[in-house]
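Enquirer: Sequence:
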Amino acid sequence: MIATAAPTSTALDTGIPGLMCRRVWSAPAVLSHALLALTFQKLHVAPAGANVRADAIAAIHTGADFEQAFGPFGTVIELANVSRVRFDLLANALILEYLHGEGSGAIRLRGQAPKASVVIEFADHETADEVYTKIWRRLGDRVELKPYRRDYRDLGRVPVTLMIGVLLATALLVAAIQVAADAGSSNGFDWRWVCGVGGAALAVLQVRVYRAFTQPPTHLELAARFSTERI
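The numbering of the sequence shown is the working numbering, which starts it at 677 and goes up by one.
Don't take each hint at face value.
[As the list claims (entries may be wrong)] With a straight-line cut-off of 20 Å between C-alpha atoms, the simulated EDC-like cross-links for lysine to aspartate or glutamate are: (1) Lys718 <-> Asp817; (2) Lys810 <-> Asp764; (3) Lys810 <-> Glu820; (4) Lys718 <-> Glu820; (5) Lys810 <-> Glu797; (6) Lys718 <-> Glu754; (7) Lys810 <-> Asp866; (8) Lys822 <-> Asp805; (9) Lys791 <-> Asp805; (10) Lys791 <-> Asp866; (11) Lys791 <-> Asp858; (12) Lys810 <-> Asp858; (13) Lys810 <-> Glu754; (14) Lys718 <-> Asp800; (15) Lys822 <-> Glu806.
[Unchecked claim] FRET-style restraints, in silico, Cβ to Cβ: (16) His801 <-> Trp869: 47 to 53 Å; (17) Gln891 <-> Lys822: 24 to 30 Å; (18) Trp812 <-> Val752: 25 to 31 Å; (19) Asp817 <-> Leu766: 27 to 33 Å.
No wet-lab data here; the hints were simulated from the structure.
Values in this document were obtained by computation on a predicted structure and should not be read as measured data.
Glycine residues also receive a C-beta, built at the ideal position from the N, C-alpha and C atoms.
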């Protein structure tokens, strides 16, 4: 392997090929903002109302100045200060939580600096996934992917409650039919028919429970290794 000198911060943030090159996304693929530009160290975000010309976007790829391209209303997020990235798979949106103000490194990740967040919405899943993947790659081992946890109590509360209700209703109705039969009166109900209807209803509800417990993840979440607070 050929040893090379470490690049300066200016080089890292401008256009070194491969991992350190600039990545640019714009409308209509990006719905919530006019332009996104990702470098090795920073994420630059232009608001939706910004008038970003096509030639300005092309110039960013070749090393144009970000302040001129994004204007005074652009947001600059230092990737070293990102504490959480949430990828909403249903809404095709990214939520970035980051720290700003004085201080850096572990002190900032422990909550000593004020927090801010930005929500970036995309027109399709492919673009959202690409941006999420690129940001994750830039963040590297500073963040970890949180395991996706389902709240089974919330998922199964309604169908399980309905199943219990069907069981109780079926049992009570069958008991009432038997009491009426023992008393020598006929109410027109057959306990076998009641059990059949109750069983069919339980089968439908079991399918709902299965689907609720096996549905795919709704989001992916990256969190800084020094932070345990959720968005």
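Enquirer: Next step is simple, just say for each hint if it's right about the structure.
Expert: A quick look at each hint next to the structure:
no.: 1; hint: Lys718 <-> Asp817; verdict: holds (16 Å)
no.: 2; hint: Lys810 <-> Asp764; verdict: holds (16 Å)
no.: 3; hint: Lys810 <-> Glu820; verdict: holds (14 Å)
no.: 4; hint: Lys718 <-> Glu820; verdict: holds (19 Å)
no.: 5; hint: Lys810 <-> Glu797; verdict: holds (16 Å)
no.: 6; hint: Lys718 <-> Glu754; verdict: holds (5 Å)
no.: 7; hint: Lys810 <-> Asp866; verdict: violated (65 Å)
no.: 8; hint: Lys822 <-> Asp805; verdict: holds (17 Å)
no.: 9; hint: Lys791 <-> Asp805; verdict: violated (25 Å)
no.: 10; hint: Lys791 <-> Asp866; verdict: violated (66 Å)
no.: 11; hint: Lys791 <-> Asp858; verdict: violated (72 Å)
no.: 12; hint: Lys810 <-> Asp858; verdict: violated (74 Å)
no.: 13; hint: Lys810 <-> Glu754; verdict: holds (15 Å)
no.: 14; hint: Lys718 <-> Asp800; verdict: violated (23 Å)
no.: 15; hint: Lys822 <-> Glu806; verdict: holds (19 Å)
no.: 16; hint: His801 <-> Trp869: 47 to 53 Å; verdict: holds (48 Å)
no.: 17; hint: Gln891 <-> Lys822: 24 to 30 Å; verdict: violated (18 Å)
no.: 18; hint: Trp812 <-> Val752: 25 to 31 Å; verdict: violated (19 Å)
no.: 19; hint: Asp817 <-> Leu766: 27 to 33 Å; verdict: holds (28 Å)
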